[in-house]
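Go ahead and model the full structure; you've got the sequences and the hints to work with.
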Amino acid sequence: MTNSTGERRYQVVWPRSKRQLQPRPLAPRLDTLAGKTIAQLWDYVYRGDEVFELLEPQLEARYPGVRFVSWREFGTTHGAEERELLASLPQRFRELGVDAAISGMGC
Amino acid sequence: MRASAACELAGVPTSSLVCEGFIGQAGTTSAGLGLPNLPLALVPGHVGNQSDEEMKQNVLGVTLDAVVSNLLEAPEDAPPFDEPSPREIVFEGSFEEVNRHFTECEWSDGLPIVPPTVEKVEEFLAFTDRDPDEVLGVILADNRSVTIWSIAVNGVMAGCRPEYMPVLVALAEAMADPEYGVEHSGNTPGAETLITLNGPIIKQLGFNYEQGVLRDGFQANSSVGRFWRLYLRNVAGFLPHKNDKATFGNTWRVVLAENEDVLAAIGWPPTSAEFGLEAGDNTVTIARYTGGDMMASVYGDTPERVLPYIADAVLKQNTWQLIFTVGKSMGSLRPLLVLSPILAQTIAKAGWSKQDVKQYLFDNARLPAWEFERYLGDWTDHVIRSLEAEVNLGRIPRVFLESDDPNRLVPIVFEPDDFMIAVAGDPLRNNAITFAHNGRLGYPVAKRIELPAGWEARLAEARAR
Numbered sequence: 000m001t002n003s004t005g006e007r008r009y010q011v012v013w014p015r016s017k018r019q020l021q022p023r024p025l026a027p028r029l030d031t032l033a034g035k036t037i038a039q040l041w042d043y044v045y046r047g048d049e050v051f052e053l054l055e056p057q058l059e060a061r062y063p064g065v066r067f068v069s070w071r072e073f074g075t076t077h078g079a080e081e082r083e084l085l086a087s088l089p090q091r092f093r094e095l096g097v098d099a100a101i102s103g104m105g106c
Numbered sequence: 000m001r002a003s004a005a006c007e008l009a010g011v012p013t014s015s016l017v018c019e020g021f022i023g024q025a026g027t028t029s030a031g032l033g034l035p036n037l038p039l040a041l042v043p044g045h046v047g048n049q050s051d052e053e054m055k056q057n058v059l060g061v062t063l064d065a066v067v068s069n070l071l072e073a074p075e076d077a078p079p080f081d082e083p084s085p086r087e088i089v090f091e092g093s094f095e096e097v098n099r100h101f102t103e104c105e106w107s108d109g110l111p112i113v114p115p116t117v118e119k120v121e122e123f124l125a126f127t128d129r130d131p132d133e134v135l136g137v138i139l140a141d142n143r144s145v146t147i148w149s150i151a152v153n154g155v156m157a158g159c160r161p162e163y164m165p166v167l168v169a170l171a172e173a174m175a176d177p178e179y180g181v182e183h184s185g186n187t188p189g190a191e192t193l194i195t196l197n198g199p200i201i202k203q204l205g206f207n208y209e210q211g212v213l214r215d216g217f218q219a220n221s222s223v224g225r226f227w228r229l230y231l232r233n234v235a236g237f238l239p240h241k242n243d244k245a246t247f248g249n250t251w252r253v254v255l256a257e258n259e260d261v262l263a264a265i266g267w268p269p270t271s272a273e274f275g276l277e278a279g280d281n282t283v284t285i286a287r288y289t290g291g292d293m294m295a296s297v298y299g300d301t302p303e304r305v306l307p308y309i310a311d312a313v314l315k316q317n318t319w320q321l322i323f324t325v326g327k328s329m330g331s332l333r334p335l336l337v338l339s340p341i342l343a344q345t346i347a348k349a350g351w352s353k354q355d356v357k358q359y360l361f362d363n364a365r366l367p368a369w370e371f372e373r374y375l376g377d378w379t380d381h382v383i384r385s386l387e388a389e390v391n392l393g394r395i396p397r398v399f400l401e402s403d404d405p406n407r408l409v410p411i412v413f414e415p416d417d418f419m420i421a422v423a424g425d426p427l428r429n430n431a432i433t434f435a436h437n438g439r440l441g442y443p444v445a446k447r448i449e450l451p452a453g454w455e456a457r458l459a460e461a462r463a464r
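From first to last, the protein sequence lines stand for chains A and B.
Residue numbers are given in numbering that gives the first Met the number 0: position 27 of the first sequence equals residue 26, and the series is strictly consecutive.
Residue numbers are given in numbering that gives the first Met the number 0: position 455 of the second sequence equals residue 454, and the series is strictly consecutive.
Keep in mind that the hints are not guaranteed to be accurate.
[To be verified] Which bits of chain B does chain A cover? Going by a derived footprint, with three or more residues having C-beta under 8 Å, they are:
#1 3-9
#2 27-39
#3 147-159
#4 283-293
[Unchecked claim] Pairs of lysine-lysine, DSBU-like flavour, derived with a Cα cap of 35 Å:
#5 Lys17(A) <-> Lys119(B)
#6 Lys17(A) <-> Lys241(B)
#7 Lys35(A) <-> Lys55(B)
Think of the hints as simulated: they come from the structure by calculation, not from any bench.
All of these numbers come straight from a predicted model, not from anything done at the bench.
Where a beta carbon is used, it is the ideal one built from N, C-alpha and C, also for glycine.
This is the structure in structure tokens:
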């Protein structure tokens with residue numbers, strides 16, 4: 000295809016492909032952390048263990064009765080078994096009574 | 000972010016701890032997971048270079064409140080994605096205008112692209128018997144479908160010839176293989192994929208497999224390599240400053256085609272045989288490599304004289320990558336050694352097989368245990384720090400604890416077969432090159448290239464054009 004001056008014109012298609020997921024709703028947020036159980040998920044790098052140790056007493060002081068399930072309970076979230084581990088989380092959370100999760104480290 | 004997404008979808012609210020430089024990537028990754036409003040808790044700076052006190056101030060001064068907010072306050076709902084359909088004409092213009100548009104939309108790698116018109120795409124589709132709408136898989140980070148149509152579009156853009164289409168389809172299938180781990184393609188070491196090609200298709204399509212095999216200048220090698228990076232960008236969704244967090248990165252690699260004449264002459268199997276495919280099959284093999292170096296002037300007329308230099312170089316090119324041997328993806332380091340033909344012939348004429356070379360590397364590319372552990376602990380701050388503990392837990396082979404001497408020499412991989420060996424390059428120059436592998440985050444995967452019916456006739460017709 001050319002225009003009136005003889006210049007070639009191109010009609011081009013989109014180089015991407017369809018997203019398989021439209022935005023989905025997040026889980027409902029909690030009304031308080033008091034008395035709730037929070038899971039710690041960690042990819043075993045970038046001092047996540049130290050960050051959790053800093054957060055824990057502060058959250059306990061603000062929200063009485065909050066308890067934590069250590070990252071040690073789950074194993075690394077970024078290893079060779081990542082897919083299996085993530086697939087197991089819903090069941091593990093039910094078993095452990097988990098209400099919320101803190102996940103790190105995105106670094 | 001994938002862990003947080005799994006929690007949210009299970010009905011458990013999350014807060015994701017994200018260092019400052021990774022907020023953008025976290026956002027685009029979340030969108031690909033279908034949760035664009037996934038709540039993030041900023042960790043100022045990067046914890047890897049903060050004192051304990053600096054990190055404490057940052058976490059308690061900034062991160063703590065964000066964590067609370069993430070878990071208690073619902074963010075606004077994310078609007079639906081509004082994107083074109085695959086065959087939609089998204090732009091009309093001159094060559095220069097099309098290229099400007101593609102650059103502005105981040106659909107180009109910065110070099111001029113061939114405008115993907117429907118006519119050009121159909122030329123590529125003529126070299127596959129598969130339905131253009133067939134979905135070969137779904138790939139992260141964007142969670143988009145791998146389709147024959149999108150392969151053809153990006154093949155056009157990369158400057159491929161239509162008859163390369165069977166190679167491109169095999170590559171996209173490999174990219175979608177979970178074993179490869181495409182979702183890790185934006186990690187900070189910035190590893191780049193190397194494509195290794197085997198089979199008669201090397202000569203049929205004119206791939207360079209001799210001198211300058213990894214140099215641009217050969218349409219097949221260069222354009223297929225470029226296709227890989229464009230497909231990672233446009234379909235997987237790895238864009239610098241977004242999902243691609245390569246600290247430095249490097250340009251896409253041209254295709255490494257093996258010298259199958261030499262392999263046949265010395266009786267060594269091709270790379271594809273490592274994956275159970277037959278010599279003579281047309282195949283692609285992919286794996287991600289962070290770096291490496293070449294060995295110039297490898298002197299000697301026997302394996303015993305040639306291989307010490309090579310083993311030494313292979314060892315020295317694998318440093319922090321040892322975290323893939325002993326770490327969170329145990330035993331996944333697969334270093335690649337590419338021998339020039341004359342080196343492979345020198346080794347083989349003494350009766351050595353490729354397996355013998357792998358065994359030699361396993362036995363000789365070794366370092367003191369204390370030095371191995373320094374990469375795991377002090378230098379990278381990974382959780383696993385002791386080879387002895389890992390052996391005693393049964394997680395790594397006993398070869399890593401043949402004594403309790405910290406100076407004992409330990410291998411850099413789990414077993415000899417973890418080394419991969421290819422033969423290519425200048426036939427009469429005694430050089431080699433080795434690549435440091437990125438472990439589970441780009442694990443080697445091979446696919447057979449399926450040719451369409453009447454391949455020879457279609458090829459002859461294409462060559463005549």
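At a Cβ distance under 8 Å, does chain A reach at least three residues of the region 147-159 of chain B?
It holds, with 5 qualifying residues against the three required.
Lys17(A) paired with Lys241(B) [C-alpha distance capped at 35 Å]
Given pair Lys17(A), Lys241(B) holds - Cα atoms ~19 Å apart, limit 35 Å.
Are there three or more residues in the region 27-39 of chain B whose C-beta lies closer than 8 Å to some C-beta of chain A?
holds (count 10)
Taking a Cβ-Cβ distance under 8 Å as contact, does the region 3-9 of chain B have three or more residues in contact with chain A?
holds (count 6)
For the pair we were handed, Lys35(A) and Lys55(B), check the Cα-Cα distance against 35 Å.
holds, 24 Å
Examine the region 283-293 of chain B for residues whose CB is less than 8 Å from any CB of chain A, and state whether their number is three or more.
violated (count 0)
Are the Cα positions of Lys17(A) and Lys119(B) separated by 35 Å at most?
Holds: Lys17(A) and Lys119(B) sit about 21 Å apart, inside 35 Å.
This entry does not satisfy hint 4, going by the numbered hints stated previously; all others are met.
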